[in-house]
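> When you get a sec, could you build the whole thing from the sequences and use the hints?
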Amino acid sequence: TQTERVHVLEGEPATITALRDIWAQLRASETEDKFANFVVRRATLALERAASQLLGPQYKMPKLVREEIRASSRFQEGLRLLAEQKQLPLIQAEALADKALKELASGFTPLGLDINLIMGRILYRRGYVEQLDIDPLQIEKVRSEVHGKPAIILPSHRSNMDVGVMSVALHEAGLPRTSTLGGINMSFWPMGYIMRRSGVIFIRRDIRSDPVYRWVLKEYLGYMVEKRFSLQWYIEGTRSRTGKSLPPKLGLLKYVVDAYRDGRCEDIALIPASTTYDQLNEVKGYAGEAMGVAKKKEDLKWMINYFKSAHGRFGRIYVRFGEPLSLSSYLGSHEEAKQLSDSDYHLALQKLAFEISLRINQATPITAISLITMTALSAFRQALSFEQLKMALREFVHYTELHDAPMTASAKRLLCDEGIQEELDALIGQGLIHAETDGPEAVFTINRDAHVAASYYRNWVIHHFLDSAIAELALTAAAEKSEGQAIDIFWDTALQLRDLLKFDFFFLEKNQFRKTLTERLAKVDPQWQQALESGPEATLTLLGAMQPITADSVLRCFLESYWVVAVCLKLQADKDALGNKDFFQFCAGAARQYLLQKRIIHSEAASIHLFKTGLQIAENRGVIDNTGGYQAQLGQRYIEELETLLQLSDHRFASARRTFNQRFFNRVQNHD
Numbered sequence: 001t002q003t004e005r006v007h008v009l010e011g012e013p014a015t016i017t018a019l020r021d022i023w024a025q026l027r028a029s030e031t032e033d034k035f036a037n038f039v040v041r042r043a044t045l046a047l048e049r050a051a052s053q054l055l056g057p058q059y060k061m062p063k064l065v066r067e068e069i070r071a072s073s074r075f076q077e078g079l080r081l082l083a084e085q086k087q088l089p090l091i092q093a094e095a096l097a098d099k100a101l102k103e104l105a106s107g108f109t110p111l112g113l114d115i116n117l118i119m120g121r122i123l124y125r126r127g128y129v130e131q132l133d134i135d136p137l138q139i140e141k142v143r144s145e146v147h148g149k150p151a152i153i154l155p156s157h158r159s160n161m162d163v164g165v166m167s168v169a170l171h172e173a174g175l176p177r178t179s180t181l182g183g184i185n186m187s188f189w190p191m192g193y194i195m196r197r198s199g200v201i202f203i204r205r206d207i208r209s210d211p212v213y214r215w216v217l218k219e220y221l222g223y224m225v226e227k228r229f230s231l232q233w234y235i236e237g238t239r240s241r242t243g244k245s246l247p248p249k250l251g252l253l254k255y256v257v258d259a260y261r262d263g264r265c266e267d268i269a270l271i272p273a274s275t276t277y278d279q280l281n282e283v284k285g286y287a288g289e290a291m292g293v294a295k296k297k298e299d300l301k302w303m304i305n306y307f308k309s310a311h312g313r314f315g316r317i318y319v320r321f322g323e324p325l326s327l328s329s330y331l332g333s334h335e336e337a338k339q340l341s342d343s344d345y346h347l348a349l350q351k352l353a354f355e356i357s358l359r360i361n362q363a364t365p366i367t368a369i370s371l372i373t374m375t376a377l378s379a380f381r382q383a384l385s386f387e388q389l390k391m392a393l394r395e396f397v398h399y400t401e402l403h404d405a406p407m408t409a410s411a412k413r414l415l416c417d418e419g420i421q422e423e424l425d426a427l428i429g430q431g432l433i434h435a436e437t438d439g440p441e442a443v444f445t446i447n448r449d450a451h452v453a454a455s456y457y458r459n460w461v462i463h464h465f466l467d468s469a470i471a472e473l474a475l476t477a478a479a480e481k482s483e484g485q486a487i488d489i490f491w492d493t494a495l496q497l498r499d500l501l502k503f504d505f506f507f508l509e510k511n512q513f514r515k516t517l518t519e520r521l522a523k524v525d526p527q528w529q530q531a532l533e534s535g536p537e538a539t540l541t542l543l544g545a546m547q548p549i550t551a552d553s554v555l556r557c558f559l560e561s562y563w564v565v566a567v568c569l570k571l572q573a574d575k576d577a578l579g580n581k582d583f584f585q586f587c588a589g590a591a592r593q594y595l596l597q598k599r600i601i602h603s604e605a606a607s608i609h610l611f612k613t614g615l616q617i618a619e620n621r622g623v624i625d626n627t628g629g630y631q632a633q634l635g636q637r638y639i640e641e642l643e644t645l646l647q648l649s650d651h652r653f654a655s656a657r658r659t660f661n662q663r664f665f666n667r668v669q670n671h672d
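The sequence shown: position 474 = 474 (full-length UniProt numbering), numbered continuously.
Don't take each hint at face value.
What the hints assert, rightly or not - Simulated crosslink set (DSSO-like; lysine-lysine; CA at most 27 Å straight-line):
id, residue 1, residue 2
1, K523, K481
2, K297, K612
3, K86, K338
4, K296, K612
Claimed, not checked - What follows is a list of derived Cβ distance ranges for each label pair:
id, residue 1, residue 2, range
5, I115, E640, 15 to 23 Å
6, L347, R5, 54 to 62 Å
7, D582, M186, 23 to 31 Å
To be clear, the hints were calculated from the coordinates, so they are not data collected in a lab.
Don't be surprised by glycine CBs; every beta carbon is placed ideally from N, CA and C.
Right, dumping it as structure tokens:
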């Protein structure tokens, strides 16, 4: 009797003649039975379009994807050519393709979507404030960009909650629902069953040895963008275990860009996104993995434990969108893109992925806890009183505001005592900060064995302070040289650090990097270059004016980790396999010894994740040749280079500590 709850849908009509014309272009067979199936699919899709217009873009979902792809002449002809190229019997290639299509196809349903949204909300609301923190201006920009074209949402990946959080964020913002590509390791029952019906496409982790699967995946994604459905995946390929953005993976991005080059769509909107948490319960697990603990396998038991651990008071979740990127604007028309040579195309893809990653970083907001952990991890290698911590944090907040970096409301509240105390209490509750209260005043420091976990929060925002940290070390190097060489030494050191850190951070091209560094220093002193030319004393004065002090907290642990790897390569030069699991365990043991001997300072440098990057750099420098052999001369030169930079870091730290303590003393005196 409640007729208002019933809607009769009428799909767009079509004549038999029009349908036969379309079928003639797409068909893979001449039989009337195939045409009948085609008409049924078209009718179903027409009703789905009518339903999505009624329900809204959140419920626009792909239907009959597997059937449509399998029945197309493009698919049949492509599969035949692939079978010939790989010398596979056609019947075997068809069987493998059918298996891959069945594995990829998601069972999108409105009910499945609603269940997924309910589960996502239940999960994150167990530990976080109910309302997601989303910038409405960014939403409007995204809405405008995705209108009338397929969209690819490319978020950062830090938590297993990311999928549910982003689904809820897109739904509540009224944006089109995405089909999300995820690792097949998460397809265990019952999560796999539920997630498939909410649009998750599970893909295999290693597909290099399966050409049929790779081709089917490419065709699947090409079909999705051709039909203007939105996709979502994590360009890093996996969750970041360090908090810092990982290098982008090109595979899925290439398949989508290939579809654009083939003219299957007029344009594609690429949307960088960031999901950031005030606190994250998974951090302790990541810290364990960094120290060599094996990753737990995802299964039903794991899921139950994860759900239990999600209960608490972890603050807010922030969803931010970076500046959208139009593929047609970036690559030109699909005809122009298709004319690129293989090498130019690969380079363009690398630059595109880099640009997306850079925009994700630029959109990532600075949180209160990330600033406190950044301060405490260095803390001039001493515990800080509340007043000292407040002074350091105020400098970070003012720096962030000066350079227009995105910042959460909790970070802005670090300008008041109550805001600092709330965040300290949260970190003490997590076991990351220790408060020593048995004395004249409370002092705060990173808890023993919590440095790696604390560094995870710092690394979320470390890229916002990277240029300043590089400038500090470059100025320190310039201050140690005679007049007339300072400018050259400054830029040589800055570019040396840029090259050394390129596997851990995303840097602008050299000219843009120089311009950005120049603009950063001009905000400290518009005459900074003249100060360098005036001699060491003026350069040291410029260094003393740089606030906040970042070189030790941002760069030191990376340089130390690279140095540990370089030394261990030399010590293990006679071993057959440099870079295997045993080698990284050897690095971890060496790092623990060097920490006890004070040869390195930062505990988070003893991270297997950083060791892997350190090995990449050593290979890039030629320390390890193509056969896996150790090049002693290059290896020694590399060690000496790192030791020189660490000495610069020591000099900067010593002067920074004096400057900070003097500023604090002056502040106390003036207050008195």
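> Hints first: check each against the structure and report whether it holds.
These are the hints, each one checked on the structure:
Among the hinted pairs, K523 with K481 is consistent with the structure: their alpha-carbon atoms are about 24 Å apart, no more than 27 Å. Taking the CA atoms of K297 and K612, the gap is about 22 Å. The hint holds against a cut of 27 Å. For the proposed pair K86 and K338, the alpha carbon gap of about 25 Å is at most 27 Å, so the pair holds. The suggested pairing of K296 with K612 holds, with an alpha-carbon distance near 20 Å, which does not exceed 27 Å.
In this structure the hint that I115 and E640 lie 15 to 23 Å apart at CB is violated, the actual value being about 60 Å. For L347 paired with R5, a C-beta distance near 56 Å keeps the hint of 54 to 62 Å intact. Remark: the range hint 23 to 31 Å for D582 to M186 is upheld by a beta-carbon distance near 30 Å.
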